[in-house]
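Engineer: Given chain D, work out where chain Y should sit, using these hints.
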Amino acid sequence: MSDTLASRPTLGQFSSIVCFKAVITGMEEALGEKATAIALISAGRERGKNLAKELGLSGATQDLSVIAAKLNEAIGANGTHLTAVDKIVEEGDVIKVYCSETVCSAGEPQGSDRKCTFTMGAVWGALSEVTGRKLRGIHTESVLRGGTHDVFEFTSL
Amino acid sequence: MGASKIGGILQNFVSGTADVQGAALVSHDGLPLASSLPGAMDEERTSAMSAAMLSLGERIGKELSRGNVEKIMVEGADGYGILIGCGEDAVFLVLANQSAKQGLLMLDIKRAVTEIKAALN
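Residue numbers (the UniProt record's numbering), protein chains in the order written: chain D, 1 to 157; chain Y, 1 to 121.
Hint data in this document are derived by calculation from the structure and do not stem from the laboratory.
Note that the structure is a prediction, hence the values are computed from the model and not measured.
Among these hints, one or two may not hold up.
[To be verified] A short, non-exhaustive set of chain D residues, derived as facing chain Y with CB atoms under 10 Å: (1) G32; (2) E33; (3) A35; (4) T36; (5) A37; (6) A39; (7) K134; (8) R136; (9) L144.
[To be verified] Below 25 Å or equal to it, Euclidean Cα-Cα: the simulated BS3-like pairs (lysine-lysine) are: (10) K5(Y) with K134(D); (11) K134(D) with K21(D); (12) K5(Y) with K34(D); (13) K134(D) with K115(D); (14) K34(D) with K62(Y); (15) K62(Y) with K115(D); (16) K134(D) with K87(D); (17) K101(Y) with K71(Y); (18) K115(D) with K87(D); (19) K110(Y) with K62(Y); (20) K53(D) with K34(D); (21) K34(D) with K87(D); (22) K134(D) with K96(D); (23) K71(Y) with K34(D); (24) K115(D) with K34(D).
[As the list claims (entries may be wrong)] Example chain Y residues on the side facing chain D (calculated, C-beta under 7 Å, incomplete): (25) G30; (26) A48; (27) S55; (28) K101.
We put the beta carbon where it would ideally sit given N, CA and C, even for glycine.
With the rest of the complex left out, here is chain D (with noise of 0.2 Å):
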């Protein structure tokens, strides 16, 4: 197998919102919620570790604004466009990341019971590679049901 990456010299880097949602009700049909949340908070893991290694920031801070900068360039407006990371704080425990504009919300109606899988995922994996903690994470205000963001809230396991 050849080394070169294949390119897409006309349709270039980015593909549909519409596409991706219909990955992920696509598994749902066929794999049922649980199983295709679980597949893809793992990926999303895996992608935000892989994402933060390729950066450099493996245990690299415990700075969470600037972790909260560098993801933010990384799949925000100025990267892969999976989310923009507003803001990232610690309230006693627990450590809060405020996102808006999450590819796993986007095109969903209001009132829907949609929770962040994939985006979730990534920014608990790079958060555990550049902290260095096991994190557990879960959905706790979505744009969905009246927040202003997509919050994920994580605890040390």
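Structural biologist: Relative to the frame of chain D, chain Y by itself:
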């Protein structure tokens, strides 16, 4: 939940049960709770796989009218991988070699599950 207690139960189960090579307890959302796995296995990946597999098995049981799933068994040329629900919160994964006697193995797993459930509560 006593994580160290559960870790101890798993270690005793693996070292004290003939033909068992490893075991892990994982949450239903695919996170490792405790494990005693062969060194080459990635704990996080194994945990996500186990929880997804049990969930998929439950869906097969429901969609194909097979009732509640009690366990999932993967039989390969080099041994067995057995997944069994362990209370409301956890999934128990056991890896055994091909020499394992299935009946005896299942008895030992049931005993371990009872012990783990008590520790979880």
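Engineer: For every hint, state whether the structure bears it out.
Structural biologist: Evaluated hints:
Restraint check, G32(D) versus chain Y: the minimum CB separation of about 4 Å is within 10 Å; hint holds. Satisfaction of the interface hint for E33(D) is found here, the shortest Cβ-Cβ separation to chain Y being roughly 9 Å, below the 10 Å cut-off. The closest approach between the C-beta of A35(D) and any C-beta of chain Y is roughly 4 Å, which is under the 10 Å cut-off, so the hint is satisfied. Restraint check, T36(D) versus chain Y: the minimum CB separation of about 8 Å is within 10 Å; hint holds.
With a least beta-carbon distance of about 8 Å to chain Y, the hint placing A37(D) at the interface is held under the 10 Å criterion. About 6 Å separates the beta-carbon of A39(D) from the nearest beta-carbon of chain Y, less than 10 Å, and the hint is met. Against a cut-off of 10 Å between C-beta atoms, the interface hint on K134(D) holds, since the closest Cβ of chain Y lies about 9 Å away. Below 10 Å, beta-carbon pairs count as interface contacts, and R136(D) has one with chain Y at about 6 Å; its hint therefore holds.
Checking L144(D) against chain Y: minimum C-beta separation of about 20 Å lies over 10 Å; hint violated. Proposed proximity of K5(Y) and K134(D) is supported: the alpha carbons are some 19 Å apart, at most 25 Å. For a cut-off of 25 Å, the pair hint linking K134(D) to K21(D) is broken: about 29 Å separates their Cα positions. In summary, the hint linking K5(Y) to K34(D) is not supported, as the alpha carbons are separated by about 29 Å, beyond the 25 Å threshold.
Distance hint between K134(D) and K115(D) is fulfilled; the C-alpha atoms sit about 22 Å from each other, no more than 25 Å. Between K34(D) and K62(Y) the alpha-carbon distance is near 14 Å, which keeps this suggested pair within the 25 Å criterion. Distance check on the hinted pair: K62(Y) and K115(D) sit about 23 Å apart at the alpha-carbon level, within 25 Å; holds. Restraint check: the Cα-Cα separation between K134(D) and K87(D) comes to about 20 Å, which is no more than 25 Å; the hinted pair holds.
Proposed proximity of K101(Y) and K71(Y) is supported: the alpha carbons are some 16 Å apart, at most 25 Å. About 19 Å separates the Cα atoms of K115(D) and K87(D), which keeps this hinted pair within 25 Å; it holds. At most 25 Å may separate the alpha-carbon atoms for a hinted pair to count; K110(Y) and K62(Y) meet this at roughly 24 Å. Between K53(D) and K34(D), the direct Cα distance comes to roughly 29 Å. Violation of the 25 Å bound is thereby established for this hinted pair.
Distance restraint check for K34(D) and K87(D): the Cα-Cα separation of roughly 29 Å exceeds the 25 Å cut-off, and the hinted pair is therefore not satisfied. Between K134(D) and K96(D) the alpha-carbon distance is near 15 Å, which keeps this suggested pair within the 25 Å criterion. With a C-alpha separation of about 17 Å, the suggested pairing of K71(Y) with K34(D) holds against the 25 Å cut-off. With a C-alpha separation of about 11 Å, the suggested pair K115(D) and K34(D) falls inside the 25 Å cut-off, and the hint holds.
Interface restraint check: G30(Y) against chain D, minimum CB-CB distance 4 Å, threshold 7 Å, status holds. The interface hint given for A48(Y) is met, as the beta carbon of that residue sits about 4 Å from the closest beta carbon of chain D, less than 7 Å. Interface hint status for S55(Y): upheld, as the beta-carbon distance to the closest one in chain D is roughly 4 Å, under 7 Å. The beta carbon of K101(Y) comes no nearer than 31 Å to any beta carbon in chain D, farther than 7 Å, and the hint placing it at the interface is violated.
Violation of the numbered hints given earlier is confined to hints 9, 11, 12, 20, 21, 28; the remaining hints are satisfied by the structure.
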